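These are the residues of each chain, in order.
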Amino acid sequence: MGHAQAGAVSRSSLGKKRKPLVQHIRDNAGILFVLPAVITFLVFGLYTVIYSVVLSFFRWNGFGKFSILPFACDPPACQFAGLDNFAYFLYKEPTMSGFFWQALQHNLIMAVVVTTGTVLIALPIAIALNRAGRGQTTYRLLIMLPMVTAGIAVYYVWSFIYEPDGLLNSVLKTLGLGFMQAKQGWLGQVDTALPALMVVMIWGAVPSATILYLAGLQTIDKDLYEASIIDGATPWQQLWQITWPLLLPVTVVIIITSINGVLQGYEMVYLMTYGGPAGHTEVVGLQIFKYGFGDQRQLGMASATSWALFVLVFAVAVVNLRLFRSRTEA
Amino acid sequence: MIKTKGAISKALSYIVLTLYALLSLYPFLWMISSALKSNKEVLSSTSLIPQEIRFDIILNTWNQLNFFKYFVNSVIIAALVVVGIILIYSMAGFGFARTKFIGSKVLFMAFLGLLFVPGVTVLVPLVQLLKALGLIGRDATLPQTYFGLIMPIINGAGPFSIFLFRNYFASLPSELHDAARVDGATNWGVFFRIFLPLATPIIATVGILNIIGTWSAYIWPSIVLNNPDWYTLPLKLKDLDLQIVIQWNVRMAASLITITPVIIAFLVLQRYYIRGLTAGAVRG
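Going down the list, the protein sequences come from chains A and B. Residue numbering for the first sequence is 1 to 330, as defined by the working numbering. Residue numbering for the second sequence is 331 to 614, as defined by the working numbering.
The hints are simulated quantities; they were obtained by calculation from the structure and are not laboratory data. Please read these numbers as outputs of a predicted model, since none were measured by experiment. Please note that the accuracy of each hint is not assured.
Said to hold, decoys possible - BS3-like mimics (lysine-lysine), calculated; alpha carbons at most 27 angstroms apart, straight line:
hint	chain 1	residue 1	chain 2	residue 2
1	B	435	A	19
2	B	461	A	65
3	B	370	A	19
4	B	430	A	183
One chain only, chain A, in its complex shape:
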């Protein structure tokens, strides 16, 4: 990474021992370029993070006063809670901890199923795209559409498709598979709601994974395949002995991105089921949102739970970094 050194010329000409103040200021003038970003970061980033850390040690319903600069916490609306918030949602308060562990379980199921599904679908499509020749650009475009249109509009269509009298049930009926219908709608039944959401998640995640795999495939030397053909390798062997190992770094990135997205994301669940039916699609992010903005606000609990989420996200990032290091060193 080339650092072009502003002021390097003047520094050497002035000698190394003592520099006048003016020179100091001039040497560091580059900081002015990052100043707007730093101010934004301090106010909307660092301050809010510190606020959240402090708040996680308090019990506060949002009324009355709580602030960190200057510090204020007026009872009875606000009370110091120590580690109570953490203890409550982790084990001490059965309704809360039940709520939390159930949501976390859904997050983990999603992480495994959505990630696996995404990789298993995206890889063959990327391989097909790579072989498609002229049609590549068009197909790539068509396949990418779901990712640029994420959000409520697309969730509405899916909700519509999943309705009791929606497209999916109608199609099943037409195919003579009426017994497979979800009578109360795919998002309305406890046994189908989570899988139905995961289908939408995979549908939304496949495009970016495909693009990444395609970029990876394009860097693989074609000679490797030709050499392996001479050695009599079958396409299946080529896939397992050349393509898959060489694409492993890409797969790792896809896995990490996917897990990260599943852990942090809750907008889709918020808009499609709001955690229902009966908590069967509850996820940790949505729970934090409900503590913060739902009917019975417990803002300290929202903060405490969100730091549990942070630990998970951070752990995934550390694993990622480890893998990345061992990859580059190997």
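With chain A's structure known, arrange chain B on it following the hints.
Frame of chain A, contents of chain B only:
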């Protein structure tokens, strides 16, 4: 022998791609088709092709629900966010890549550290902050509310944008910089006259990534915007939930109106979007 094999594998590829493209596009096709049907037909037919094409539903949705107003609101917010991000973080990227100052490395790491904090963690603190600054609530004006809405979005885009700009500026030959400085240009002159104009591709990448993200954002705007006149398209779309009898054709028409601008933006800036996506892989 090898040639036929190649042809077979190519044909197979096209079959796989066509099947998946259909799956990928079907919800959109269904959305379009439903927006052109009567509400009765929407619920009774699984055919993509309407018996009678009804453009009046889209037109009525656009006119009666005042979608133009919300479309303009969405455009304003997306534009403010994107301009803010490009201005603030192109400068920062240049600062980190091309100038030297005390604490530069620590600051850069601090920015990247922000990537690990889940958005939902700072949601409550942000609302409290906006309250304390008078940027949210009944007394806040439109400019105040929009400012409060966009700044956290801009800040959220900070780490990745700085990363993209810094890498790009660092990759440009340092002779550019040196030559200009010999001619007596200040760092500011170098940035605005030489580096920023050269950064058009990365500006397009950062732009399209954030247009797409901001356009469909729901939760944060729904918290900040409490005056229905100031709503963005997704918020107005969600308001359709309040209909007593759900008219799915109207919902689909409204959904179609909401996603069309972002699809057009994507088609125009596709190349830059893909570049951002593959660069994002490094971010992990």
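Hints not upheld, ascending by number: Structure breaks hints 3, 4.
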